[in-house]
Amino acid sequence: MTDDEKKRFFELAQKDAERYQAEVAAYGGEDVLKRKKRAKKDPNAPKRALSAFFFFSNEKRQEVSGEHPEWKVGQIAQELGIRWKALSDDERAVYEKKAQEDKERYAEEMRVYRNEKAVEHVMQSQNSASVTTTATAGQSQMVMLQQQPQQCQPGTQLPMQILEEHVSTASAQQQQCGPTQQHG
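First residue of the sequence shown: 76, per my numbering; consecutive thereafter.
No lab work stands behind these hints: they were computed from the structure. In this text, a Cβ means the ideal position worked out from N, Cα and C, and glycines have one as well. Among the clues, some could well be false.
[What the hints assert, rightly or not] Listed next, the in silico BS3-like pairs over lysine-lysine satisfying Cα-Cα at most 25 Å (straight line):
no.: 1; residue 1: K122; residue 2: K112
no.: 2; residue 1: K173; residue 2: K122
no.: 3; residue 1: K178; residue 2: K122
no.: 4; residue 1: K116; residue 2: K135
no.: 5; residue 1: K178; residue 2: K115
no.: 6; residue 1: K122; residue 2: K81
no.: 7; residue 1: K147; residue 2: K172
no.: 8; residue 1: K122; residue 2: K135
no.: 9; residue 1: K81; residue 2: K135
no.: 10; residue 1: K178; residue 2: K116
no.: 11; residue 1: K135; residue 2: K111
no.: 12; residue 1: K192; residue 2: K172
[Unchecked claim] Pair ranges (Cβ atoms, derived):
no.: 13; residue 1: E98; residue 2: V187; range: 49 to 57 Å
no.: 14; residue 1: Y181; residue 2: N202; range: 27 to 35 Å
no.: 15; residue 1: K178; residue 2: G156; range: 16 to 24 Å
no.: 16; residue 1: I157; residue 2: K115; range: 51 to 59 Å
no.: 17; residue 1: V187; residue 2: E134; range: 25 to 33 Å
no.: 18; residue 1: T77; residue 2: K112; range: 53 to 61 Å
Please work from the sequences and hints to get the whole structure.
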């Protein structure tokens with residue numbers, strides 16, 4: 076192939092590359108690299124409740140691996156599944172009772188955990204902003220809080236109780252200090 080023939084193909088390749096670059100720039104689709112990342116797990120969050128099958132598996136895994144030491148994890152799991160399906164309703168009820176108790180434990184721990192998080196959030200907002208808005212006669216007013224936030228043990232008060240106290244304290248201070256500037 077002569078240099079003139081090569082030059083013709085080279086120019087075609089350059090035009091095609093420019094066209095491709097323009098198409099890529101105009102493409103408005105989802106960027107694979109900009110996907111939303113999964114939220115990090117809180118290490119202080121309560122451990123999730125186990126199912127009845129997991130209680131059964133945890134109890135019988137050593138037995139199955141002792142009977143078949145050459146088996147891999149997947150084979151042991153398959154055998155546990157077969158044994159779980161073969162259980163009678165009475166035998167299964169024991170594990171289901173454990174699962175129900177664990178579910179109740181998890182629900183209680185989550186209730187306490189959420190209350191602690193809510194208290195932490197309220198305290199943090201009091202410390203950082205020290206400003207709240209209250210509605211009076213259809214208008215919102217800014218009220219400056221002068222007192223230090225109360226320190227309480229996590230879980231001792233529900234978040235709504237803390238917020239009610241916070242609003243009542245702000246209202247009392249507003250009455251003592253007189254009217255404040257209105258924004259709006």
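Which of the listed hints are not met by the structure? 4, 6, 7, 9, 11, 12 and 16
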